[in-house]
Structure formats: structure tokens, C-alpha cells
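In case you want the letters, here they are:
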Amino acid sequence: MFKRLLLGLLVLLLLLPALQARLRFYPEGELAGAFTRAPHPEFSWEGLQSTAYQEALGRYVEDRLGFRTLAIRLHNQLSFSLFRVAGLTDLTVGEHEVLFQPGPIATYAGQDLLDEAEVRFRVRRLRIVQQELARRGVKLLFVLAPNKARFQPEDLPLRLRPAPGILTNYDLFTRAMRADSLALLDLVPVFARWKTTKPYPLFPRAGTHWSGYGATLAADTLLRHLEQLGGLRFPQVRTVGSPRIISSSDSLLATDNDLGWPLNLLWQREATPLAYRRLAFLPPQAGQTRPSALFIGDSFTWGLMQFSPYIQREFSEDTRFWYYNNEVHLPDSTYHDTGERVAKLNLQQQLESRRFVILLFTEHNLKDREYGFTDQVYRLYHPLTATDQAAIDQLAQKLTREASWEEQTKDLEGFQQRIRAKAQDLYERQLLQ
Amino acid sequence: MVFSSTLFLFYFLPGFLLLYFLAPARFKNVVALVASLLFYAWGGLNFLALFLASVVINFVLIRFMDKAQNWQKRIYLILSIVLNVAMLFYFKYANFFLENVSALGEAAGSSPLTWEKVVLPIGISFFTFEKLTYTIDVYRGVNKPLRSFWDFMLYIMLFPKMIAGPIVRFHEIADQLTDRTAFDTVDQKLAGLFRFMIGLAKKVLIANVLGEQADAIFSLSPAELPVAQAWLGAVAYTFQIYFDFSGYSDMAIGLGRLMGFQFPENFNNPYISRSITEFWQRWHITLGRWMRDYLYIPLGGNRVKPARLYVNLWTVFILSGFWHGAAWNFIAWGAYHGLFLVLDRLFLLRLYRKLGALSILPTFVITVVGWVLFRAETLAGALAYVSRMLGLGVNITAALPYYTREFWFTLVLAAVFSFMAALPRIERWEIRTLAASHFSVRAAAGITAVTALLLLLSMGYIVGSSFNPFIYFRF
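So the protein sequences, as listed, match chains A and B. The first sequence begins at 1 in UniProt numbering and counts up one residue at a time. The second sequence begins at 1 in UniProt numbering and counts up one residue at a time.
The set of hints was computed from the structure by calculation and includes no laboratory data. Quick caveat: nothing in here was measured; it's all calculated off a predicted structure. Think of the CB as a built atom: it goes at the ideal place given N, C-alpha and C, for glycine as much as any other residue. Errors might be hidden in some of the hints.
What the hints assert, rightly or not - Quick list of simulated restraints, FRET-style, between CB atoms: (1) B:W150 to A:D63: 33 to 41 Å; (2) B:E99 to A:D112: 41 to 49 Å; (3) B:E99 to A:R401: 36 to 44 Å; (4) B:T433 to A:T36: 38 to 46 Å; (5) A:D368 to B:A216: 25 to 33 Å.
As the list claims (entries may be wrong) - Just a few of them, taken from the derived set where beta-carbon distance is under 7 Å, the chain A residues facing chain B: (6) M1; (7) R4; (8) L5; (9) L6; (10) L7; (11) L15; (12) A18; (13) Y60; (14) V61; (15) F83; (16) R84; (17) V85; (18) G110; (19) R159; (20) R161.
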């Protein structure tokens, strides 16, 4: 009798997922991350004969299987705990369960290293942009945010720690920027120094960006730097008491758990306690001003507005954040896309109405040419002449003759656009040499 | 529908088990047959009608054969064999022969042939062999033919075994088709579920993990493959194919036990073999026996001169390779194994006897190289890969790229499970556990707990991973 009970329990165990799929008697919750669910297939004899219907139904059933989220969390938990694998993500699990994205690791290892001449060319154009804006009363500042892999290489898996002396884009860019007297706030050595002097984590274990504590320290440094650059004084930011300490992963703010929640683990990981400074933003006093600024940057820029309202309170109301030089965001404590796109704006008006233009990127985004911003501004103030156009046309024809027949015919219109863009790029490089 | 799919595990299987367990004894065959028809039809209706027609024709022919005498009996035998083999050749080998004829024609200067590709019905290799065993066993008088057409159809179409084996010869389950009460016990059912989950875990937790990396390595150009990585890919595939195929057989055997059928074992720790001769007594046992009883022995078996015996061995194993797939690399794999069987008889067995247990190592290496022939897409690709394993060509001594802990852990686990039976005590424990047909209450609780645990782990991996192919489904 007892054995029959055991057999019944096993058959019930096999039945439970289907019953759960139908009845949903146990609340499972949703998985974090982006995924799709297969639609219910429409029956047809053709589908039945070709097995398309059966395959689609299989996908539909699988996506709605009862306890599916628990099963996935179980799989992810085993992978994470036993094998240091972050489930179905591309994350790297380092020492002390510190999570890294692949981009910061690759750039720290020099895997995306640009040619030195290329870096010099880009910095030179940035310098020209800086000069053009300065002539119009606008101060340009390039802010380099720290790279988590460079900040704490001791937490990288041993196999991913680069050999000492590896040349990286960071080395090339900072060297060229200093040589060309580009206005640069390099926060990389600042964070390295703070690592041994500050009492709280500057990067979260399960986030790829600076922590709330690190971001607000960076913001203070940025304000001081801009005061010197622009000859002005910002409204005062006062620290009020000791920081608030948070240990629960669910309670971490903004980007401090942005790598942790997609893990979809069975048991929530205990976060390293993170500190959040208590700050008071005082209204502007006599001699203090809230300048207009344009931030063009990557996701590190969120740290200047989501943890504490630095951008909202220290800069004017018309200050904007151009996320990857594409989306126009209103500075806010949460994601606030205005729906506007940079490509649709009057670039000259946007720039010349500002006191500051601040480029903020972390190391692994250095290779991406400020997402087109520098080229756009350069061409705004250095429009092509008829002579330039003719020279570019000649280059385009030369490149066309050198291209393979397959490349030309695959996508004729797209090919012509690419050739034209490439020719213009080559021509502009020649002008700067 | 495959055994390790969500649809099978959590919809088809529990539904079928409930219906089967609740059905009266006289209706259990009906339930099993309907389930089998549904199972096969899920893979496409187009071949179901063709398959059923061949079952009907075989049943009728064999009934006539049983009643016929002398030369008429032999004519029915030949007719049945020709019909089944022709069907197998058309669907499985037509493309192969036409491609080679076309290639020869092109070499001779004529234009290439064009034809509509023939689609391979799933499981055709396995159920063709079973139809042949039925025909031949009845002809030989081993068993009387079944009276009921439906019992015959059930024998051929029983879903646990019909697509990828084990190849169940008719006389092995003839009596069980009509009376399974002796095996219809709760202990057998618990053992069946336990065996099924062991197979599922082998497939999902081990074979899939290793197979993903083996596929990645075999997809690289052999010319650029470091020697160490070439061997790693070959070894990973060696374990993948074992846990994939033996896992499937475990699931089939387990499902059979749940229904009261006792299917023959198909694997007995093949990688502890001390010779290729022993390997084929442990690997795909039911195919080996089929080849022996229906091909090798009719060719003369061991009762011929040595030279003829060697030719017979080669013939059998070339055909065995060809059975696996319509491509030259499968023929080469069969010939390769045939070669070592001949060498065993010439001198290797005497040498291995002196080495004792150490002969497991060279036998394993020979097997690994053989699996490369089996795995490669073409014969040329196979030879190029083996060349890299031997270090021929450009000397690339790069260190292994990074592989996850999961891969290495799984590889070690696979090796442990593959070789631990080399210790006699462990082999006896394994046989005792898997063959048990009666459990104490404590033992029953133990295997139930293990079964549940393996199910949960496997469910996590099935849902959490997208890599889930079966190797032997394409044969």
C-alpha cells in the first residue's frame, strides 16, 4: 500500500506542471528580463501534416508550463552556485560573486584597442569642437567614468585578468587628450584613490555602474571641476548625517542591482551593504547660479540624477540628457524619456544656448566616437565647401572602383550611402593631418 | 515528440500512465496502441498511413507464410524481406546512391542528376529491423505468429521503443503482448519510473551539456584546431553519444516496465571494454545481436575458414555502419570497427589479455577515434579532424580556450559514471539496482526520492536550456 502511495506521488509530480498551467493554484511570479511567449497556434490540416502545428503547440505549452519560473530559477541557481555561471545571461561571475558585464572586461583587457593614429584623429576633432564651442561661450568637458573591471581587477576570474602593462583605449585616449589640452575630468584615478580611502563600496557587487555612494562623490567632483572651468559657483550641496546603509537586494536603488535582477535565482542573494548619502540641496544664494548644461553620455550618467538630484537641482530647468546621443531625457529620479530624438533637434540652437556641454562615458564606450556627437558638431561648424564636395565625390568613385561587384549589388542604395560616408570620413582625416 | 520534451513529460506521459493504470487488463493493449499511434503521428501524418500500410502487408504476408509449406513458405519470406528492405533503401538510401551516381557522372563529364529529395521517416531503421525479426522468427519456428492484428501492430508501434530502440526481437516479448500480469506490479512500475528518470537525467544533465561544446568544437575548421582542443571535442562527443543513446534506452526500458514489458538491455558500460570485441557486446547490444543472428550467422558465423570469417566480420560491420546513416563516414566507421575486430582475432586479444585492465585505455582511444568518423559531416571532414588529433599538419600548440566549470564538472561526472563499473563491486551494485524487481519499503522510498530529485533537476535544465537534440533520432 505504501508503495502504491509512492507511485501515486510520482505520477502526481508529473501531473502538477500541467495542472498548475491550467489552474494556477500557486503564485509563481514573473521572471526578470526580456522574453517572448509563443502564441497559441491556429489548427490547420496543412500544419498538422507538415508538423508546423505540433511544433508551435509544443512551444506554446512550454512557455506556459506550470512552475516554469521555478524550474528556470532552479536551473539558474544550480548554475550560479555550483558552476559560477550566470544563467542565460552573458554576465561573468567573479570572485566573491561580483558580477561583470563582458564589455568592461574586454576593454580592460585591451581587446577592443584602437589604432593610435585613429585615437589621435578623434581627440584632435574633439579639440576642434571644444575650441568652436568655447568661441561661443560654451565650455566642453569630457568626463571619463571608471570601469568596474579596472577598478576591482582582483575580483575578476583569474583567467580574465590581463597581464600587467596591457595597452588599452583608456591609455591611448587619456594620453592624447592631455597632449591636446582637451578639458578632461578623468575619474578613473580618482576612484582608484578613493578605493583605499572611502569607507563604503564605490561599485556594487551586482551592478555595472558606480554605486549610489560612488556616483554622488563623482557628482561632487564634477561640480567642483565645472566651477573652475566656468568660473562660477553652484548652489551648495550639504551632507546631512551619516549615510543610510541598505543590505537587501530588493531595496537597492537605481542601477545598484541592475546585473542582479536578471539572474532569476531561486534564493535572493544577500547584497553587500551599500551606503546612500543623505544630501540637502540648498537653494541658490547670491553669487551662485544654476547653469544650463547638455549631458551626452552613457548609462553612467543616470548616477548623477537617480540617486540624488544633482542635475535637477544644480543645473537649470532646460538642462537635458542625450542618452547615447539619441534619446532626449529630462533629468529625473526615474527614467524620463521625452520622446524627442536628437536627430530631430536644431543642433546649433541646442549647443549655443548652453553654458556647459558635458560628455560622460565609461571606458568601454570610448571606441564609439561619442555616438556621433563629435562628428555632428564638427560638421556643423566646418561645413563642406563645393571644393570639398568635389574631392569627396572623387574619393567615393575611387572606393567604388575598388569595391567588389557582390558588395555593390547586394544593396545598391545602402552601398552608395556607405561609400559616400566612408569617402567623407577619409577626406576629413586628410584635412586634419 | 521526444521523451525529454515538456509536452511528453508533463502532458503525454502522466495522461497516458493514468489511463493505462486505470484501464482493465483487457483494454491495456488498446490504450497502449492508441497512445503509440498518437505519439508517432505527432511527428507528421504523412508517414503514418505509409507505415500502417506496411504493417498490414507484413501481417498478411506472415500469416500466409505460416500456413504455407516448403518452397512457398520461402517465397513469402523473401517477399516480406524484400518489401521491408526495399522500403528502408528507398527512404534512407535513395539520396545517397543518387548523389554518388551523380558525382560519378559529373566526373565522367555528364551533367549532374536532379531529383526530389526523399524525406526520411523517423524511426524507420529501428522498426524495419523489428519487422524483419518477426518475419524471420516466425519462419524459423521460434514463435507462432500473433493471431491478433492489433497485437502485431502494438509490437511494431509500441512508443517506448519504436523510434530509437532498443531493437526488441519478436520472441523476446511475444508472450508479454498477450499476458503481462506477472509484471504488472507496483514494484515494476516504481522501477520503471526510476529507470526512466535515470535516462532522462543522463540525456538532459550530461549529454546536452557535453553536446553543446562538442558541436561547437566540431564546427571549427580542423585546419585551425589545436591538438588538445581536437581531442577534447572528440572525448566530449564520445561521452555525449553514450549518455544520449543509453539515456534514451533507459527511458525506453523504463517506460516499458511501467507498462509491464521487459525490454532487453541495450548498454552495459561499453567504455570499460577491454577490446573492440567486448565493446560490441556492451554497446547497442540489441543491434549487435540482430546483426549476429540475422546476418553474421547466416553468412557462416565462426564455422568458416579464418579468411572467410574476416570477410564476414567486415561485411557485417560495414553494413552496421551503413545502417546508421547514408553517408561514407558511417561506412568508414563500420569498416574501422570491423578492422579492429579482425585485428582482435589476429593478435590484439592475446595482447590485451596480458595487459589486463590496462587494455581499457587503448580500447577507449580506438573508440574515441571511431566516434570522430561517426560525428563528422563528411568523410573528408572526419579524416581532417583525425589528422589534427594526431598532430599532423600545422603545429598549433595553443592552450585550450576557456570552458565553463559546468562543462568540466559534467565531463568528469560522465567519465566517472562511464568507467566506475570497471570495479567489479560497483558493477554488481549497478546491475543489482537496475535489475531489481522487488523493493523493501525503505528501498522503495529511496528510489522514489531519487526519482523525484532527478525529475526536478531535469525539469530545470529542460526549461532553462534550449539545447535538447537526440542523436539517434536521425537514423
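- [ ] Would you settle whether the hint for A18 of chain A is holds or violated, based on the nearest Cβ-Cβ distance to chain B being less than 7 Å?
- [x] 5 Å, holds
Task: Restraint outcome when V61 of chain A is required to lie within 7 Å of chain B by C-beta distance - done: This hint holds: V61 of chain A lies near chain B, its Cβ roughly 5 Å from the closest one there, short of 7 Å.
- [ ] Take the C-beta atom of W150 of chain B and the C-beta atom of D63 of chain A, compute their distance, and say whether it sits inside 33 to 41 Å.
- [x] 38 Å, holds
Task: T433 of chain B versus T36 of chain A beta-carbon gap, inside 38 to 46 Å or not - done: 43 Å, holds
Task: Hinted contact R4 of chain A with chain B - closest CB pair below 7 Å - done: OK, holds: R4 of chain A within 7 Å of chain B, min 5 Å.
Open item on the list: So, as I understand it, the hint says L15 of chain A touches chain B; can you test that by seeing if any CB pair is closer than 7 Å?
Closed with: 4 Å, holds
- [ ] Grab the minimum C-beta distance from F83 of chain A to chain B and call the hint holds if it beats 7 Å, violated otherwise.
- [x] Holds: closest Cβ of chain B sits about 4 Å from F83 of chain A, inside 7 Å.
Task: Per-residue hint verdict: G110 of chain A, partner chain B, C-beta under 7 Å - done: Violated, because the Cβ-Cβ distance from G110 of chain A to chain B comes to roughly 17 Å (cut-off 7 Å).
Open item on the list: A range of 25 to 33 Å was offered for this pair. Does it hold for the Cβ distance of D368 of chain A and A216 of chain B?
Closed with: 29 Å, holds
Task: Restraint check, 7 Å cut-off on beta carbons, for V85 of chain A near chain B - done: 6 Å, holds
- [ ] Would you settle whether the hint for L6 of chain A is holds or violated, based on the nearest Cβ-Cβ distance to chain B being less than 7 Å?
- [x] OK, holds: L6 of chain A within 7 Å of chain B, min 4 Å.
Open item on the list: Can you verify the interface hint for R84 of chain A: is its Cβ closer than 7 Å to any Cβ in chain B?
Closed with: Result: holds, 6 Å to nearest chain B Cβ.
Checked against the numbered hints given earlier, the structure breaks hints 6, 8, 13, 18, 20 and satisfies all the rest.
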